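Asker: Sequence:
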Amino acid sequence: MKKVIFITGASTGLGKVTAQLFAAKGWTVIATMRDPSQGKDLDHANIQVLQLDVTNPAQIAATAKKVAESGPVDVVFNNAGYGLVGALEALTDEQIVRQMDTNALGVIRVTKAFVPYLRAQGRGLIINTTSIAGLTTYPLGSLYHASKWAIEGWSESMSFELASHNIRIKTVSPGGITTDFMGRSLDLAQHDAYMPLFNKLMAGMDGDNSIIHFSTPEQIAEVVYEAATDDKDQLRYLAGPDAKAAYARRVEIGAEAFRQEVAERFAV
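Heads up: the sequence shown begins at 1 in this note's numbering, then just goes up one per residue.
Keep in mind the hints are simulated off the structure, nothing from the lab.
Just so you know, not all the hints are guaranteed correct.
Claimed, not checked - Simulated DEER-style distance windows between Cβ atoms:
#, residue 1, residue 2, range
1, K232, R119, 20 to 30 angstroms
2, E69, G254, 45 to 55 angstroms
3, D43, E89, 18 to 28 angstroms
4, E222, A245, 33 to 43 angstroms
5, A120, L88, 38 to 48 angstroms
6, E94, K2, 36 to 46 angstroms
7, A267, T216, 12 to 22 angstroms
8, S37, A267, 41 to 51 angstroms
9, G153, P116, 42 to 52 angstroms
10, H213, A58, 35 to 45 angstroms
11, P196, S164, 45 to 55 angstroms
12, D101, A263, 27 to 37 angstroms
13, K2, D233, 16 to 26 angstroms
14, A245, L188, 44 to 54 angstroms
As the list claims (entries may be wrong) - Derived pair list, reagent style DSS-like, types lysine-lysine, alpha-carbon separation capped at 27 angstroms:
#, residue 1, residue 2
15, K66, K112
16, K112, K2
17, K66, K40
Treat the numbers as computed from the prediction; the structure is a model and nothing was measured.
Note that the Cβ used here is the ideal one computed from N, Cα and C, for glycine as well.
Model the full assembly from the supplied sequences, consistent with the hints where possible.
Answerer: Below, the structure written as C-alpha cells:
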C-alpha cells in the first residue's frame, strides 16, 4: 500500500517541490493550498490537490476528516508560511496577527486536527518547516522570528506529548532557498527611523558577503524526504549550508557571543 503525505502550502516553492519529489518516489500526495488553481504544476497521478487555508479552523477540521476517512496518513507536512520583515513600529496589527496566525497557529491547528486520526491508527509523523530563523535571529525580523521560534519550542514539547502514541514530530530548518520567498512570500514594512538598518539588512542578503547562501528547493525537499523516511528519533534537521553554519556557530560560541557578532555585523 502506498504511503500518504499531507502537505500544506504546496502551490509554490518548497511545498510544490516536496509534493513532486514524494509523488516521484511513489507516495500518494495530498497537496493543499489556498487557491487550487495554482496547483497546475502538480498534475501527477499520485497527487491530489485540495483547497486549504491554514487560518480557517473549520476548513482545516473538515479537510482532515475527509482525508483521514479515505485511509491512513503517514506524514503531515506543515509547510505553509511566509516572511515578514520590518521594524515593529512599522507593522500594522493586521500584519502582526496574520504572521502569527499563518506561521504558528496554522501549524498548530493542522496538527491538532490530525492528531486524533494518527493516534487512532497507532502511528504517524508530523514534519514542520521552521527556519534557521527559529534557531537564530537577525534585525528587523522580530515577528517572523517569533513565529518560527514558537514552532521550534512547540514541536519539542509536542515530541514528548505524542511519543506514547507512536507519533513523532520533526522540524526541518532551512536557511535561504532559491524560490520567490523574497518576492511573493515576503511582506516588507518600512519606517523612516529604521531605514539605515533596513538598508544594511537588505545589503546583507545579497552578494558574496551575504548572510544567506541559498539552497535549491530540491535540496531542501531531499531533507524533508530524509526526515520522513529515516525512522530516526530525531527532532531537528538543519537544511542548507548557511543554516548549518549559523547554528553551529551559535552553539560553538554561545548565544550571547553570537548575538554580539550579529550586532557587530549590522553596526547596532
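Asker: Look at each hint and say if it fits the structure.
Answerer: A quick look at each hint next to the structure:
1. K232 x R119: 20 to 30 angstroms: Holds - the Cβ-Cβ distance for K232 and R119, about 21 angstroms, lies within 20 to 30 angstroms.
2. E69 x G254: 45 to 55 angstroms: holds, 50 angstroms
3. D43 x E89: 18 to 28 angstroms: Because 45 angstroms falls outside the window, the suggested range is violated.
4. E222 x A245: 33 to 43 angstroms: violated, 18 angstroms
5. A120 x L88: 38 to 48 angstroms: holds, 43 angstroms
6. E94 x K2: 36 to 46 angstroms: Holds, at about 41 angstroms.
7. A267 x T216: 12 to 22 angstroms: violated, 32 angstroms
8. S37 x A267: 41 to 51 angstroms: Given a distance of about 46 angstroms, which is inside 41 to 51 angstroms, the answer is holds.
9. G153 x P116: 42 to 52 angstroms: violated, 23 angstroms
10. H213 x A58: 35 to 45 angstroms: The hint (35 to 45 angstroms, Cβ to Cβ) holds, given that H213 and A58 are roughly 41 angstroms apart.
11. P196 x S164: 45 to 55 angstroms: Between P196 and S164, where Cβ atoms are some 52 angstroms apart, the hint holds.
12. D101 x A263: 27 to 37 angstroms: For A263 against D101, whose Cβ atoms are near 30 angstroms apart, the range 27 to 37 angstroms holds.
13. K2 x D233: 16 to 26 angstroms: holds, 25 angstroms
14. A245 x L188: 44 to 54 angstroms: violated, 26 angstroms
15. K66 x K112: holds, 15 angstroms
16. K112 x K2: holds, 24 angstroms
17. K66 x K40: holds, 22 angstroms
Comparing the model with each earlier hint shows violations of hints 3, 4, 7, 9, 14; every other hint is respected.
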